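> Using the sequences and the hints, build the whole thing.
Protein chains in written order, with my numbering: chain Y, 1 to 297; chain V, 1 to 373.
By construction, these hints were calculated from the structure, which means they are not laboratory data.
Predicted, not measured: the structure shown is a model, and the values here were computed from it.
Think of the CB as a built atom: it goes at the ideal place given N, C-alpha and C, for glycine as much as any other residue.
A few of these clues could be false.
[What the hints assert, rightly or not] Label pairs and their in silico Cβ distance ranges:
1. V/Asn-247 - Y/Lys-259: 22 to 32 Å
2. Y/Lys-200 - V/Gln-128: 24 to 34 Å
3. Y/Leu-109 - V/Gly-80: 22 to 32 Å
[To be verified] In silico DSS-like pairs for lysine-lysine, Cα to Cα no more than 27 Å straight-line:
4. Y/Lys-90 - Y/Lys-207
5. V/Lys-63 - Y/Lys-259
6. Y/Lys-265 - V/Lys-67
7. Y/Lys-279 - V/Lys-67
8. V/Lys-63 - Y/Lys-258
9. V/Lys-39 - Y/Lys-66
10. V/Lys-67 - Y/Lys-66
11. Y/Lys-207 - Y/Lys-23
12. Y/Lys-280 - V/Lys-296
Residues per chain are reported as follows:
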Amino acid sequence: MASKVVLIRGKGVLNGDGDIDQKRLLSMYTRGIQALLNQQNPKENLLLLFRRNDKVGIKINTIAGKMLSTRPEVSLSLAKLLSGSGIQEKNIIIWDRTNRELRAAGYHLNIKGSGYAIFGTDTRGVDYNPRLISHLNIGSLFSSIQSDWITSSISLAILKDHGMAGVTAGMKNYFGTIHNPNKYHDFNCDPFVAELFETKLIMRKHKLSILDSLVVQYHRGPSYHARWAEKYEALIFSLDPVAADFVGWQVIEKLRAKKGLPTLKEEDREPTYLKTAEKKGLGKANRNEVKIIEEEA
Amino acid sequence: MKRRQFFKTTGGISLVAGSGLESLLMNLYAFEEKANLSKVEALYYKKHSDREIECLLCPRYCKLGDKERGYCGVRENMGGTYYTLVYGKACSINVDPIEKKPFFHFLPRTNALSIATAGCNVNCKFCQNWEISQVRPEQVEHYDIPPSKVVDLAKKYSCPSIAYTYTEPVVFYEYMYDTSKEARLKRIKNAVVTGGHINPEPLEELTKVVDAIKIDLKAFTQDFYTSYVRGELQPVLDAIKIVHKSNVWLEIVYLVIPTLNDSQNEIQNLCRWIMNEIGPDVPLHFSRFFPMYLMKNLPHTPLSTLEKAYKIALAEGLHYVYLGNIPSHRAESTYCPSCKNKVIQRIGYQIKKIELKEGKCKFCNNPIPGVWT
Ligand code: SF4
Numbered sequence: 001m002a003s004k005v006v007l008i009r010g011k012g013v014l015n016g017d018g019d020i021d022q023k024r025l026l027s028m029y030t031r032g033i034q035a036l037l038n039q040q041n042p043k044e045n046l047l048l049l050f051r052r053n054d055k056v057g058i059k060i061n062t063i064a065g066k067m068l069s070t071r072p073e074v075s076l077s078l079a080k081l082l083s084g085s086g087i088q089e090k091n092i093i094i095w096d097r098t099n100r101e102l103r104a105a106g107y108h109l110n111i112k113g114s115g116y117a118i119f120g121t122d123t124r125g126v127d128y129n130p131r132l133i134s135h136l137n138i139g140s141l142f143s144s145i146q147s148d149w150i151t152s153s154i155s156l157a158i159l160k161d162h163g164m165a166g167v168t169a170g171m172k173n174y175f176g177t178i179h180n181p182n183k184y185h186d187f188n189c190d191p192f193v194a195e196l197f198e199t200k201l202i203m204r205k206h207k208l209s210i211l212d213s214l215v216v217q218y219h220r221g222p223s224y225h226a227r228w229a230e231k232y233e234a235l236i237f238s239l240d241p242v243a244a245d246f247v248g249w250q251v252i253e254k255l256r257a258k259k260g261l262p263t264l265k266e267e268d269r270e271p272t273y274l275k276t277a278e279k280k281g282l283g284k285a286n287r288n289e290v291k292i293i294e295e296e297a
Numbered sequence: 001m002k003r004r005q006f007f008k009t010t011g012g013i014s015l016v017a018g019s020g021l022e023s024l025l026m027n028l029y030a031f032e033e034k035a036n037l038s039k040v041e042a043l044y045y046k047k048h049s050d051r052e053i054e055c056l057l058c059p060r061y062c063k064l065g066d067k068e069r070g071y072c073g074v075r076e077n078m079g080g081t082y083y084t085l086v087y088g089k090a091c092s093i094n095v096d097p098i099e100k101k102p103f104f105h106f107l108p109r110t111n112a113l114s115i116a117t118a119g120c121n122v123n124c125k126f127c128q129n130w131e132i133s134q135v136r137p138e139q140v141e142h143y144d145i146p147p148s149k150v151v152d153l154a155k156k157y158s159c160p161s162i163a164y165t166y167t168e169p170v171v172f173y174e175y176m177y178d179t180s181k182e183a184r185l186k187r188i189k190n191a192v193v194t195g196g197h198i199n200p201e202p203l204e205e206l207t208k209v210v211d212a213i214k215i216d217l218k219a220f221t222q223d224f225y226t227s228y229v230r231g232e233l234q235p236v237l238d239a240i241k242i243v244h245k246s247n248v249w250l251e252i253v254y255l256v257i258p259t260l261n262d263s264q265n266e267i268q269n270l271c272r273w274i275m276n277e278i279g280p281d282v283p284l285h286f287s288r289f290f291p292m293y294l295m296k297n298l299p300h301t302p303l304s305t306l307e308k309a310y311k312i313a314l315a316e317g318l319h320y321v322y323l324g325n326i327p328s329h330r331a332e333s334t335y336c337p338s339c340k341n342k343v344i345q346r347i348g349y350q351i352k353k354i355e356l357k358e359g360k361c362k363f364c365n366n367p368i369p370g371v372w373t
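This is the structure:
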């Protein structure tokens, strides 16, 4: 059976200054989740994926600073949808590696115990679980947030070009859950992205991929370069983590072609880890088995 | 090495799935970050357009965009300028016998003030110090010890040398280089313990300020380097040749891992290469492997394997061959290649007897190469 990927365009979700139209964003989410899960009531939709007593981690990406990170509006809107479906606010955590990066991306950290929790692995008392997890070519410590606290995870990643991996999206976002991501950038991150995703701590908890494609860095990523950043105004949803990233890759290739840039393959950085992930049975990474539903919210 | 505080303590809380978030949060007392990293501009890198940089320090040649770190995790591109984050940030500092490094022909029976920062430019699956080598600097406790303070400590603890060791000193090159220069001014020698993954130019510069370099040659095949080290063999061989040509004392260590790099053929090829390129006088240490880190599936090296390697090396003509991690073995001691008498008797890290006079065998006057005073 083909994997479904929903690409929701939201023209005007970013105004001239790049600020987010919250209402428009919310309708993108609602439309995307409805199309993905075929339920009319968005509250019930999310309960197809999560239990009410789940502790849900929203793993965001804040490595590239304010201009190219998962924006607070984007993650908080998703958190609201989750709490609207009955998951307690205090059981929803928006998180990344460091508090410094979260702050730089515009987040107000919250460890109060009420409201959505927002903090990084480097918060004193959190840290990496000291148990070394070894899986094929991976040997890492995992953030306690990923390993010990959350029961379910959403990868809410930024879609970007990546100098080594070719593309960074939902699966590679989980590099931010381990203590040594710098060790997994060889060979275009292949097979490391797939192998990391395959570890029990990620694969068993991952429930949903959402690619924040409001602004897509299609060249010279993963850092922000205005010259090669496109206001794309889309969110990409899939239950298949590989298919979501496969579609993200196609978006990047299209933008590159439009600007006359070589393909990632021509630049020797095709995201081959997607094929590896497909071979491992983690999802689909070929046009014939990925069904894209593209809609305007 | 003293027990290191690798990771922040959790203050006794357990983070258990199913426990409420409140119990976690009650125990979090600050958004503290272990930032306190250095921001000293790195040596050996090239600036490219669009705030990209290329690190030229080691054979990985990491090309990085803004805000990215290299493979070693201790160097960061900040707005198009490359910085070392570990300058003066030692995560481990101890006084060790120099024999522990091991250096057997360099200031025997003395202690070395031994320091390391976090980080490494390879990822050996058998690393014995992975808790400090395979982490980012903010993930370990560290001390603020600028070069002058390292030298002061060496003096305070009567160490005639400073050893840059435990992790991979190449990745804290700037710190090591400046400390070495200061140490020399105070007549303290410098000893480097490295995997040899360094480019020729920085290595040649380094040889101008240090006195001894021990290179860990992890195997003699690229296959092994690809699968178990994540590095390249050739640059290490090149580094050995560069050190040999310099005035710096060189020793080589080869960790013998059962079934992976212990074949007679490989050991023979290694010894022949050393004989051809370096000559018979470089000390070669065969060390016993113990299962650790990501390689717990193999047994420790059988003594018979090590003894075979020892015999091969002697048969190929090497003069100073040692077996490591086997206390009390006769191959821990140094024998004069001319008269065959024992000139330095060792048991573990202890020196029992030195029968040298002005660097020569006391029995036959044959010069024994090394840095003896
Ligand atoms: S020293 Fe570090 S940053 Fe530089 S090339 Fe080597 S691994 Fe990369």
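> Y/Lys-207 and Y/Lys-23 were given as a pair; does the straight-line alpha-carbon distance stay at or below 27 Å?
holds, 25 Å
> Take a quick look at whether V/Lys-63 and Y/Lys-259 sit within 27 Å of each other, Cα to Cα.
holds, 23 Å
> Taking the beta carbons of Y/Leu-109 and V/Gly-80, is their distance inside 22 to 32 Å?
With a Cβ separation near 29 Å, Y/Leu-109 and V/Gly-80 satisfy 22 to 32 Å, so the hint holds.
> If you draw a straight line from the CA of Y/Lys-265 to the CA of V/Lys-67, is it 27 Å or shorter?
holds, 25 Å
> Given the hinted pair Y/Lys-90 and Y/Lys-207, is their alpha-carbon gap at most 27 Å?
holds, 19 Å
> With the threshold set at 27 Å, check whether the alpha-carbon distance from Y/Lys-280 to V/Lys-296 stays at or below it.
Cα-Cα ~25 Å, so holds.
> With respect to the beta-carbon atoms only, verify the hint that Y/Lys-200 and V/Gln-128 lie 24 to 34 Å apart.
holds, 27 Å
> For a C-alpha distance cap of 27 Å, please report whether V/Lys-39 and Y/Lys-66 respect it.
Status holds; Cα separation ~21 Å.
> Verify the proposed pairing of Y/Lys-279 with V/Lys-67, using a straight-line Cα cut of 27 Å.
violated, 33 Å
> Straight-line Cα separation of V/Lys-63 and Y/Lys-258 no greater than 27 Å?
Measuring from Cα to Cα gives roughly 26 Å; hence the hint holds.
> Go ahead and decide if the range 22 to 32 Å is satisfied by the Cβ distance of V/Asn-247 to Y/Lys-259.
violated, 55 Å
> Is V/Lys-67 within 27 Å of Y/Lys-66, Cα to Cα?
holds, 12 Å
Violated hints, in rising order: 1 and 7; the structure is consistent with all others.
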